[in-house]
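Go by the hints and put chain P onto chain L.
Protein chains in written order, with the working numbering: chain L, 29 to 284; chain P, 10 to 316.
Hints are computed from structural coordinates only; laboratory data are not their basis. Each hint should be verified, as a subset may be incorrect.
Claimed, not checked - In silico contact screen, one side only, chain L against chain P (beta carbon under 7 Å); selected entries: (1) G40; (2) A41; (3) L44; (4) M58; (5) Y124; (6) S132.
Unchecked claim - In silico DMTMM-like pairs for lysine to aspartate or glutamate, Cα to Cα no more than 20 Å straight-line: (7) P:K28 with P:D67; (8) P:K217 with P:D32; (9) L:K128 with P:E81; (10) L:K38 with P:D67; (11) P:K28 with L:E284.
Ideal placement from N, C-alpha and C gives every residue a C-beta, glycine not left out.
Chain by chain, the residues run as shown.
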Amino acid sequence: MTATGTYAPKPGAAPLPRMIGTQAALETRMLLRNGEQLLLTVIIPTLLLVLFSSVDIVDTGAGEPVDFLAPGILALAVMSTAFTGQAIATGFERRYGVLKRLASSPLPRWALMTAKTASVLVTEVLQVVLLTVIAFALGWSPHGNPLAVLLLLVLGTAAFSGLGLLMAGTLKAEATLAAANLVFLLLLIGGGVIVPLDKFPAGVQDVLALLPVSALSDGLRDVLQHGAAMPWGDAGILAAWAVVGLAAAGKFFRWE
Amino acid sequence: MRSEPVVQVQALVKRYGGKTAVDGLDLVARAGVTAVLGPNGAGKTTTVETCEGYRRPDAGTVRVLGLDPVRESAALRPRIGVMLQSGGVYSGARADEMLRHMARLHAHPLDVDALIERLGLGSCGRTSYRRLSGGQQQRLALAMAVVGRPELVFLDEPTAGLDPQARRATWDLVRDLRADGVSVILTTHYMDEAEQLADDVAIIDAGKVIAQGSPEELCRGGAENTLRFTGRPGLDVGSLLKALPADCSAAELTPGSYRVSGKVDPQLLATVTSWCAQHGVMPEKISVERHSLEDVFLELTGKELRS
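With the rest of the complex left out, here is chain L (with noise of 0.2 Å):
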């Protein structure tokens, strides 16, 4: 049946952007498959963006509110996929084995991590897009130097990398599912993006307002709906948590 030599040994690792493009796409698919993920990082953005737009529930201030409201829900966007999706696939990633099976493959462990962070960047790529055309359907519109809002998200998605992986890497992954829940239904409530944050108190606003998707939903209003520079404030608070979240990460996680 089988002819001599099929199995005979012929090893090598093949070239890493090989290895790194297909382990992006795979992740990426096993993302845009999941019924749970799409409805975390599709699904509710869309529907708080159309909704909130629509519907005079949350009094957004002066002006449109889909000028207020884009801005959060990109924000939120990237928490979604960068944070509470990640958190989630890693843990179970972590929980059955596979983290542990490629860590004997060929594959380089910075290259799995590389493989994630493209896998990431590619889902937020899609999830901007679509927002962005509802958004201007709904009647956006949006101002600014388009370079730091990309920085913006970029810094953003660092910090919520490092926590979702500080999260999938040390907690059980049923604690972690339920936990990056938690965590993305708090910080879409208190965390300035369908709510603006001085409806909180005066002392909570402050703490507030130093949450990564509070700095990075503040910033990019500053540049989208007010047009502002740079706002290095936020994304000073964003290369922070990137700083202590990814180090951290690196720090703790467990691969099995």
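Here is chain P on its own, set in the frame of chain L:
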């Protein structure tokens, strides 16, 4: 035939908390198929996972294909194939998708379609991993271990829980790997698996290798064997015993059915038949029973394997 070792473990110690899982284990595996046999909790998986680079030894040295599995992991990983005891696949991935993915991580992978066909994974279709049967999951893990055309494959209990057909398919693949020059280290607690597949068997108990050799050597060496014959009832067993070497025993089990236990060699057989000749006994149904690996194991450890 006896080539360079593919795996060399010296005085390996591995502890988890206060519990010592591997306790000064020495193991040399050469080209071919080596079975690591032992009851649950003997330290088989810990030993194999240390060779795969998953665990850092607390003491001792491990070399796999001449490399340190932890420090030289990057050089070693492309050359080995690993089948974990369970898991290792994205729960939402399809079997062919995962196998193609593993293939793409290697420079010269096997033909994925042929491997799918070979292991009967074609029937998995578009089913995601979490919905595959246990046997399908096992065969996928096996396929993932060999798809990169490794020099050395580690299989951790590759047939645990498989039905007889799937078990046979796994055995056939292991034989083909061996024939094509791939070395295999497999852990098992099935005696027949070790007897069928292995060139070399290492029996592990309580974190140590307590015996190693080919299945024939293990069954022959040291172990007691049995010689049986039938003759007329009521023969003088005491007189037979005097003719035998001191460490043998003899008994009439049922009237006319005799058993001699001890180191059964040609000399012993000659002694028994000449005693029969002297006593005018025609020994009918004379037979020598070689002990199975299972008997050897029981003798060495006093433990049942399939616990």
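Results for each hint:
no. : hint              : result
1   : G40               : holds, 3 Å
2   : A41               : holds, 4 Å
3   : L44               : violated, 10 Å
4   : M58               : holds, 5 Å
5   : Y124              : holds, 5 Å
6   : S132              : holds, 4 Å
7   : P:K28 with P:D67  : holds, 12 Å
8   : P:K217 with P:D32 : holds, 6 Å
9   : L:K128 with P:E81 : holds, 17 Å
10  : L:K38 with P:D67  : violated, 33 Å
11  : P:K28 with L:E284 : holds, 19 Å
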